[in-house]
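J.: Each chain is listed here by its residues.
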Amino acid sequence: MKLANEALFEQEVEALINEIHTHYGYDFRGYARASVYRRVKRFLSHKHLRSVEQLREAIFADSFFFENFLQEITVNVTEMFRDPSFFLSLRQNVLPILSTYPFIKVWDAGCSTGEELFSLAILLKEEGLLDRTKIYATDINQKVLKQAKEGIFSASNMPAYTSGYYAAGGKQEFSSYYSSNYGSVKFDSSLVKNVVVYPHNLATDSSFNEFHLILCRNVLIYFNRELQERVFKLFDESMVSLGYLGLGKKETLAMSQISSNYNFVDKNNRIYRKSN
Amino acid sequence: MAVSSKVIVIGGSWGGIQASLAVLRKLPANYSIPIVLVLHRLRNFEGSLQEVYEKRIALKAVEVEEKEKLLPGHVYLAPSNYHVLLENDHTFSLDDSELENYSRPSIDVTFMSAADVFGDNTIGILLSGASKDGSSGLKYIFENGGTTIVQDPDEAEVSTMPLSAINSIPGCQIMGTAHIQAYLLSLHEH
Numbered sequence: 001m002k003l004a005n006e007a008l009f010e011q012e013v014e015a016l017i018n019e020i021h022t023h024y025g026y027d028f029r030g031y032a033r034a035s036v037y038r039r040v041k042r043f044l045s046h047k048h049l050r051s052v053e054q055l056r057e058a059i060f061a062d063s064f065f066f067e068n069f070l071q072e073i074t075v076n077v078t079e080m081f082r083d084p085s086f087f088l089s090l091r092q093n094v095l096p097i098l099s100t101y102p103f104i105k106v107w108d109a110g111c112s113t114g115e116e117l118f119s120l121a122i123l124l125k126e127e128g129l130l131d132r133t134k135i136y137a138t139d140i141n142q143k144v145l146k147q148a149k150e151g152i153f154s155a156s157n158m159p160a161y162t163s164g165y166y167a168a169g170g171k172q173e174f175s176s177y178y179s180s181n182y183g184s185v186k187f188d189s190s191l192v193k194n195v196v197v198y199p200h201n202l203a204t205d206s207s208f209n210e211f212h213l214i215l216c217r218n219v220l221i222y223f224n225r226e227l228q229e230r231v232f233k234l235f236d237e238s239m240v241s242l243g244y245l246g247l248g249k250k251e252t253l254a255m256s257q258i259s260s261n262y263n264f265v266d267k268n269n270r271i272y273r274k275s276n
Numbered sequence: 001m002a003v004s005s006k007v008i009v010i011g012g013s014w015g016g017i018q019a020s021l022a023v024l025r026k027l028p029a030n031y032s033i034p035i036v037l038v039l040h041r042l043r044n045f046e047g048s049l050q051e052v053y054e055k056r057i058a059l060k061a062v063e064v065e066e067k068e069k070l071l072p073g074h075v076y077l078a079p080s081n082y083h084v085l086l087e088n089d090h091t092f093s094l095d096d097s098e099l100e101n102y103s104r105p106s107i108d109v110t111f112m113s114a115a116d117v118f119g120d121n122t123i124g125i126l127l128s129g130a131s132k133d134g135s136s137g138l139k140y141i142f143e144n145g146g147t148t149i150v151q152d153p154d155e156a157e158v159s160t161m162p163l164s165a166i167n168s169i170p171g172c173q174i175m176g177t178a179h180i181q182a183y184l185l186s187l188h189e190h
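The listed protein sequences correspond, in order, to chains V and A.
Position one of the first sequence corresponds to residue 1 (full-length UniProt numbering), numbered consecutively onward.
Position one of the second sequence corresponds to residue 1 (full-length UniProt numbering), numbered consecutively onward.
Hints in this document: simulated from the structure, not taken from any laboratory.
Just so you know, not all the hints are guaranteed correct.
[Unchecked claim] Capping the alpha-carbon separation at 25 Å, the derived lysine-lysine pairs in PhoX-like fashion look like this: (1) V:Lys2 to A:Lys55; (2) A:Lys26 to V:Lys267; (3) V:Lys2 to A:Lys26; (4) V:Lys171 to V:Lys105; (5) V:Lys105 to V:Lys193.
Taking the hints into account, I'd like the entire structure generated from these sequences.
T.: Have a look at this one:
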């Protein structure tokens with residue numbers, strides 16, 4: 001059975017989650033716990049804190065420290081063209097249909113540091129849709145939003161991103177999209193000229209527009225079923241009739257009440273289309 | 001099916017598929033303890049590990065889906081590019097955070113998570129592999145009172161992973177795959 005010290009640790013984290021909600025308004029109550037506990041342990045160790053109580057004191061004494069904590073608790077690991085087959089499918093199955101609209105609105109929900117945003121922008125540019133597409137890129141975390149539009153990524157990732165780009169049907173020299181400098185690369189800022197970034201919390205905020213395409217990949221895995229359902233309803237309210245929804249490879253609409261109104265466009269790549 | 005109070009977590013890398021098949025081959029379809037298998041794979045590898053197992057073992061081999069409940073009679077395979085975690089209600093969570101020991105899925109992550117939920121009812125088994133992943137997790141299981149088994153390095157296709165674990169956990173049990181299988185059969189509750 002679970003050990004007493006682990007049970008105590010989890011109780012303390014539960015209390016902390018409630019206090020954070022009251023004090024800072026961030027609601028982690030609907031987050032899947034195994035990952036939260038693991039992130040808290042990791043954060044304690046990185047910050048050389050000995051107990052949840054020490055962490056609690058630091059969080060409520062210093063809002064900058066809390067920002068730091070927030071960034072660590074919400075996973076911000078991302079990459080360009082993650083699951084290239086997803087992007088290839090977007091290019092082949094979704095963008096040709098979206099091209100029939102005079103103006104396209106896209107929501108990149110949980111955009112983190114912008115790798116997915118730039119991948120999408122490159123796809124839109126190559127399909128001739130970038131100039132008439134507006135992308136709303138949102139994240140819970142204000143700190144990563146500052147990076148999201150900068151398009152500055154580590155040069156060491158470029159070999160992997162380049163192969164992802166070609167596997168996703170890339171049509172250019174990938175290096176033509178960025179310039180290299182001191183171990184990092186900066187992507188062409190014209191890719192994101194029609195991008196708006198702003199903070200949006202999927203756990204508490206409401207719908208703010210209607211979209212033809214919503215991407216939310218590998219965000220819902222961190223939520224419990226109730227919060228997942230809240231987010232699915234939010235997406236449904238924010239989706240035009242016949243709009244598209246792209247989820248992560250291991251995420252599904254199947255358990256949701258909205259699923260009856262959505263059909264698979266590509267089952268393997270978890271791309272859905274709203275039926276009416 | 002009844003919920004098990006125990007869990008078996010198995011990790012492997014290079015040579016881990018063959019070793020795990022040798023361990024699992026004779027376990028009956030109604031084996032009473034759920035088994036979670038974490039093998040290192042190529043990132044963005046899209047092939048099906050499930051097919052490799054379902055033809056060769058009596059247990060039901062399925063890829064882990066998030067929120068699914070751990071059940072007896074199943075071998076749950078860690079999907080490519082996600083860490084596998086266990087929740088207190090014995091369901092799975094997936095996590096796409098940082099690589100651990102250059103790996104995602106990481107054996108350490110699943111081993112530690114299993115020990116957090118199942119405590120001394122965790123049985124951790126580390127097989128062949130050319131990595132140090134798994135050692136910290138197995139040590140954590142040991143410190144939490146669980147059972148820790150390492151494949152005999154002389155038998156393992158690649159001994160790096162077993163040797164690393166044996167070095168960090170002097171109290172672990174060292175067994176060949178046939179012996180591990182016999183031990184698992186002895187745990188089966190009819």
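J.: Kindly indicate which numbered hints from before are broken by the structure, ordering the numbers from low to high.
T.: When the structure is compared with the hints, numbers 1, 2, 3 turn out to be violated.
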